[in-house]
Amino acid sequence: MIADRAVTGASARVTIDEIVRLGFTHVIAIPDSESRLLCEAAAAHEQLSYLTPCREGESIAIAAGLWVGGAKPLLVIQNTGLMEAGDALRGCGIGPRIPLQMLIGWRGYAGASEGKQPVDSAYPYTEPILDAWQIPYEHLMSNDDIGVIATMDERATRTSKPAAVISGWRFQP
Amino acid sequence: MMERLDVFRALADARTDEIVVMTMTATLQWPLVSDHPLDFDFLAFGMGHASDFGMGLALARPERKVIVLKGDGGLLMSLGSLVTTGQYGPENLIVLLLENRTYEMVGGQPLPARVDFVTLANGAGIPGGGATGNGKVERIVDLGTFQSGLPRLLDEPGPHFVVLPVRNTHELPAVNHTDHSGRVRRLRDALAVVGPGPTTRE
Chain D
12 MIADRAVTGA SARVTIDEIV RLGFTHVIAI PDSESRLLCE AAAAHEQLSY
62 LTPCREGESI AIAAGLWVGG AKPLLVIQNT GLMEAGDALR GCGIGPRIPL
112 QMLIGWRGYA GASEGKQPVD SAYPYTEPIL DAWQIPYEHL MSNDDIGVIA
162 TMDERATRTS KPAAVISGWR FQP
Chain R
54 MMERLDVFRA LADARTDEIV VMTMTATLQW PLVSDHPLDF DFLAFGMGHA
104 SDFGMGLALA RPERKVIVLK GDGGLLMSLG SLVTTGQYGP ENLIVLLLEN
154 RTYEMVGGQP LPARVDFVTL ANGAGIPGGG ATGNGKVERI VDLGTFQSGL
204 PRLLDEPGPH FVVLPVRNTH ELPAVNHTDH SGRVRRLRDA LAVVGPGPTT
254 RE
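Going down the list, the protein sequences come from chains D and R. Our numbering puts the first residue of the first sequence at 12, with every later residue one more than the last. Our numbering puts the first residue of the second sequence at 54, with every later residue one more than the last.
Just so you know, the hints here were simulated from the structure itself, not pulled from any lab data. Note that CB positions come from ideal geometry on N, CA and C, so glycine has one too. Hints are all accurate, no fakes.
To give an idea of the chain R side of the interface with chain D (calculated C-beta under 10 Å), a few residues: (1) Phe95; (2) Asp105; (3) Val119; (4) Ser131; (5) Leu135; (6) Gln140; (7) Gly235; (8) Arg236; (9) Arg238; (10) Leu240; (11) Gly248.
Stretches of chain D that chain R covers, calculated by requiring three or more beta carbons in the stretch to come under 8 Å of a beta carbon on chain R: (12) 77-85; (13) 101-109.
For each label pair, taking beta carbons as the anchor points, the in silico distance ranges come out as: (14) D:Ser132 x R:Asp232: 33 to 39 Å; (15) D:Gln128 x R:Pro90: 55 to 61 Å; (16) R:Val247 x D:Gln58: 16 to 22 Å; (17) R:Pro204 x D:Pro147: 44 to 50 Å; (18) R:Asp208 x D:Lys127: 55 to 61 Å; (19) R:Pro90 x D:Glu51: 39 to 45 Å; (20) R:Val228 x D:Glu95: 22 to 28 Å; (21) R:Arg117 x D:Glu95: 28 to 34 Å; (22) R:Ala166 x D:Asp155: 55 to 61 Å; (23) R:Gly133 x D:Asp142: 26 to 32 Å.
Whenever a hint applies, use it, and build me the whole structure from the sequences.
In structure tokens form, the structure reads like this:
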């Protein structure tokens with residue numbers, strides 16, 4: 012559901028600072044227009060290794076290998092890519108209980124929240140898909156929500172299962 | 054064309070402390086020649102993604118070689134992984150492509166006949182590519198060359214992408230793969246990874 016709060020989009024710099032503070036070692040991203048600034052900040056940060064594979068299923072499998080090997084990856088993908096990558100997420104995350112952590116761009120949210128028609132079909136299926144896969148998620152809509160990344164991290168680590176944060180708005184500087 | 058089990062025997066003889074990730078029919082035959090804590094059965098972990106998983110392992114563990122045994126049908130499911138290997142593939146990654154030109158695991162349906170995996174890997178930028186510019190692509194067609202080349206493959210910086218034309222004339226053991234989280238737990242234990250992991254069976 013759409014978060015009922017003032018929205019501005021989170022700062023890429025603040026988000027990356029939080030990702031580093033939580034000890035993530037790798038950011039594996041398929042860039043999209045909403046996450047562009049976040050990806051640029053991740054690529055520029057000296058404490059993060061930044062990779063851009065070709066497709067989200069690939070990203071998920073790379074992240075799984077990184078985690079099994081002892082690293083702590085964060086996936087940055089769009090909801091459309093999440094839908095493409097269902098088998099990889101099932102096989103490399105949910106089934107074997109690999110705690111993949113995903114920052115998911117919510118394509119369609121901005122338009123839907125502004126009442127634009129037609130609604131982007133990527134928008135309404137995002138949360139139901141995560142619900143169906145029993146992947147817990149929080150909303151990152153502004154810097155006020157930055158703590159949801161730590162919540163995701165705690166949940167994934169405690170349960171050894173995938174967890175997610177959905178970002179509704181374009182990242183700001 | 055080489056007998057796949059002979060390829061596996063040669064590799065098992067040469068292998069010391071490398072991680073071996075295998076998928077599809079390789080998961081049925083590799084255990085016939087190897088019982089090693091650093092063997093990882095990727096079957097059911099995501100179709101086509103064994104070498105992606107291996108690349109993640111290799112990036113996380115630069116001190117250790119990671120060998121991936123995957124099929125040509127699986128590669129067709131994730132061709133982008135060649136490009137990613139050409140861009141980021143670490144020196145310690147060795148992908149052995151078991152080229153049998155069929156989807157053997159699901160009945161032996163033929164692959165598109167004209168596809169050339171060496172050309173694809175070359176075009177993806179693996180030769181001279183990878184994280185340190187040491188990527189290599191080769192095709193090895195006979196067992197003697199494979200055996201004599203193994204010390205080099207296991208020693209030289211890569212990433213290596215090696216196409217191995219194989220056939221299988223042996224009866225395959227039955228598929229009996231369970232406890233996916235247990236496989237993860239065992240490999241993390243073998244690698245002495247510190248930190249929480251899956252603690253219960255699915």
